[in-house]
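Take the sequences, apply the hints, and build the full model.
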Amino acid sequence: MSLMAPSALQSHVAARVLALIRQSLQVRLIVLLLVASAPPMALTMWFAQQEYSHLKSATEEHARTLAAHILDTLDRVIFERYGDTQLLSQLPAVRAMEADRLTAIAGGLVINYRPYYTLVVVADRKGIIRAVNTIDGAGHPIASLQLVGQSVSGQAWFEQALSNPGITVYDFQADPLVQQVYGSDVQRTMTFATRIQGPSVKGEEGRTVGVWSTRIPESAITQMVQHAETPAETYDKIRVALFAKEGHPIGRFQEDQGPIGIDWLPLASASSTGFSAYQGLGWNLRIYPSQEGNSSRTPFSVPISAGIMVSMLLGLALIWRQTSRHVLQPLRALADAAQQIERGQAVIIPQDRNRVDAIGVLQTKLSGMVETLKAQEAAAQSTSSTLKKQAEALQFLVQSIKEITVESDDLGRFLHRLTETACALTNARYGALALFDKEGMNVTEFITVGMDEDTKVAIGAPPMGRGVLGALAQSDRSLRLKDLTAHPSSIGFPSHHPSMHSFLGIPIKAHGNLFGRLYLTEKQNGDEFTETDEQIIVAFASQAGVLIENTLLLQDVRTTKTSLKASNQELENFVYAVSHDLQTPLRAIHGFADLLVSQAKDHLSEQELHYLVRIQAGTRRMESLIQDLLEYSRIDRMAQAFAWVSMADLLDKVRDDLQSVIQSSGATVLIEGPMPTLWADRARLRQVWTNLLTNAIKYVKPGIAPRIVLRCREEKNHFVFEVQDNGIGIAPEFHERIFKLFHRLHLSGAYTGTGVGLAIVKRVVEFHRGKIWVESVVGQGSTFCFTIPKPSDSHKKPVPASIFTKQPSHEA
Amino acid sequence: MGMSVAAIDILLIEDNEDDIELTQAALSIGKIVNSLTVLRDGDDALRHLLGDGTPANPPCTAPSLILLDLRLPKVDGIEVLKRIKQEPALRRIPVVVLTTSQRDEDLVQSYDLGANSFIRKPVLFETFYSTMKTLELYWVLTNTPPPMGRIAGPTGNNG
Chain G
1 MSLMAPSALQ SHVAARVLAL IRQSLQVRLI VLLLVASAPP MALTMWFAQQ EYSHLKSATE
61 EHARTLAAHI LDTLDRVIFE RYGDTQLLSQ LPAVRAMEAD RLTAIAGGLV INYRPYYTLV
121 VVADRKGIIR AVNTIDGAGH PIASLQLVGQ SVSGQAWFEQ ALSNPGITVY DFQADPLVQQ
181 VYGSDVQRTM TFATRIQGPS VKGEEGRTVG VWSTRIPESA ITQMVQHAET PAETYDKIRV
241 ALFAKEGHPI GRFQEDQGPI GIDWLPLASA SSTGFSAYQG LGWNLRIYPS QEGNSSRTPF
301 SVPISAGIMV SMLLGLALIW RQTSRHVLQP LRALADAAQQ IERGQAVIIP QDRNRVDAIG
361 VLQTKLSGMV ETLKAQEAAA QSTSSTLKKQ AEALQFLVQS IKEITVESDD LGRFLHRLTE
421 TACALTNARY GALALFDKEG MNVTEFITVG MDEDTKVAIG APPMGRGVLG ALAQSDRSLR
481 LKDLTAHPSS IGFPSHHPSM HSFLGIPIKA HGNLFGRLYL TEKQNGDEFT ETDEQIIVAF
541 ASQAGVLIEN TLLLQDVRTT KTSLKASNQE LENFVYAVSH DLQTPLRAIH GFADLLVSQA
601 KDHLSEQELH YLVRIQAGTR RMESLIQDLL EYSRIDRMAQ AFAWVSMADL LDKVRDDLQS
661 VIQSSGATVL IEGPMPTLWA DRARLRQVWT NLLTNAIKYV KPGIAPRIVL RCREEKNHFV
721 FEVQDNGIGI APEFHERIFK LFHRLHLSGA YTGTGVGLAI VKRVVEFHRG KIWVESVVGQ
781 GSTFCFTIPK PSDSHKKPVP ASIFTKQPSH EA
Chain U
1 MGMSVAAIDI LLIEDNEDDI ELTQAALSIG KIVNSLTVLR DGDDALRHLL GDGTPANPPC
61 TAPSLILLDL RLPKVDGIEV LKRIKQEPAL RRIPVVVLTT SQRDEDLVQS YDLGANSFIR
121 KPVLFETFYS TMKTLELYWV LTNTPPPMGR IAGPTGNNG
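Chains as they are written, first to last, in the working numbering: chain G, 1 to 812; chain U, 1 to 159.
Rather than coming from a laboratory, the hints here were simulated on the basis of the structure.
You can take every hint at face value.
Heads up, simulated BS3-like pairs for lysine-lysine below, C-alpha to C-alpha not over 30 angstroms straight-line: (1) G:Lys653 x U:Lys133; (2) G:Lys771 x G:Lys653; (3) U:Lys31 x G:Lys601; (4) G:Lys698 x G:Lys740; (5) U:Lys133 x G:Lys601.
Here it is as structure tokens:
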């Protein structure tokens, strides 16, 4: 062995020992370190666990707040909507409005909830769709829907709404009929429907006249939920379900398309308080957090790992300090903030800008939620103010419907107030309203608001043919301008016109006819008119348009009626005067012809005498015609002489009058059954019987003896008198025409007559508020029937026991 | 008529020439009727009947019967009737309204003013003729006329 060998071995051994010692020391240090760090680590873990529990409960609290907020949003939407719906179904004047106007109003209301389209259906009591209004997300009507006239009777939502006095909420997709027709393709919607009530009578509830229904598609609810800014990164996904109180799902909504499984655990639930105010409405909203979202992103893993690393590297104190400062304190602050939010207090979320961990995300999200809440509150306020304005507009119209009459003064006042209301709704300084004539060429009314008298005088006549107003007058579209003077057609304004910048021109239309225009200018504070302003005024103008149209039509009808009455009166006066004045010359013709016959008979030839006889016959016919015409025009002119008239007595008298005609024709006149006593004009009724009997005797086939039966039967409100003959009869096409003046069925030679007799009869019967008609078969005779109303209670009956005064009497 | 009667004088107030002539033809002038005076407007008739209010021109009481049309030029028949019936010296003279008017107001007003009879002129001559004959017989033969002359007294008759 050499000397070197032991030393090398030694050094090797030493190195090994040293290594061992070093290793041992390292292990011990590690062990020591581990042992030393165990209690603080456990402590750290314990505190972290506490904080985790605390945070978990705080975030659950927040989720509950959020759920309540979403529910509130839904609640408010429904409340506002159905608040108005109830208004619509309760105001009598509104109830009486046409279905299309109702739809227009409903349409006007729903455009406030712009993110979704809405289908408004108005169906009558029988289930026929009277009107449909569909509005897309941008508030534009969808014209392609042609549902009007279709039947919805038998559909469950309709039947439910009819039987339900309140608001019916209906899951459209769950309807078996809908499924049968559309399969699974139908868009998931909720249907809200309510009855339209007719006007109530004497305190009783009005008859149901129809149903209107509004559908909100799933996407709308989803968007409403999204508006609440769900903390997507914390909970990854949130799912919302809307349940009826009985647990029946009304609608289920989720962001992804996966099925809703039973493993979804409800994190928070809230039940609505607002709905319970409405019969038939009771909902629960449940919000489901995503389970995998919870497990994969535990917000505490990062800070706890970091804490352990730091405790390993920098020591226990540092670990504690850092954990406390960066994790626990911010978490406590967030939890406090969440509680403050829950209490509805204004809060500023503590935020570390550069922080990117879960706490940073939490801070950002919570802060974002606070902003969203504020924005939603502002939006709700703005919606509420728009609704308030629309309610004002509606209120004004409802009031006007009650007040406005056909007097043109009233129309003028109404138009003035309408313009004022339009100004107030949009904060416009000036307003003007032009009504056009039927051709749309001329202005019949021009009303201004906001200008003093001097300005009005200075402006003079409205500029119609030129400029913006002139251009607008030719079209039926709305025009909204920020600066009127910048418009190329603004030159139409005279130089002394008040300066106007913001401008809103809206057509007033009804049933497609343009008959006026509403102009608003100079919105307050130099603002321009908004799209909402335009929508409000368009809705307002369309409803006002119908009102104006109705008033104008009524005025028209009234004028026409008056002038018709006047010209009718004039015509009758004319007939009377002419007939009367014809008498004098006719008397001369007839008189002198007669004198000629009697005095010059011996000097005239046979032929000359024949001519004179013809002259006399002609004048005789003309005389009876004039008498009949005078009689006809005298019916309404004569003083009324109503009294108790015994028909039996009157008929005896008429038969006496006609005795010679009856005898010469061999006629039989039979009165069958009793005759009543009536409150009537005796002289005029006598004329009726005389003319009817004369006709019955006259119109028979030659060689046949007339057989006439008179009878009376009693009906509820009147007596029906019949004159039945065995004459030649009247073909059906003449059954109405024979009652017209100068209408004769026969050549003058065959049967004599003036063509006035039945016209007189009809007029007398109508003068008594009765009716007349004929039942006849050609060749088998005719039966003329007329009615005379029964005496009213105000006429004390002279014969209280029986209205019939005479037992059947036979033969003439 | 074979019997002897006191013939009467008739005043006809009528503007239509045809009607005047037909009336003349229908009346038995010179037999039953002593004379027929015709006046063609209301103004003339009033002046003739009332005089001028002076003693020289007193109201004329000559006619035993007045036939009065209602539609007259200048002063209408209703006004003439009213003035006749207001005048004490004239109001006993029977006035027969003979008119084409069909108005109920005329009928009522005439009687209210004291007309003694109201006849609608028939258009057909034979009816007109028989109406005039009836009128003549009634007022001349059946009816006792008021005493002639001024304010009638028991001795004031002039035969």
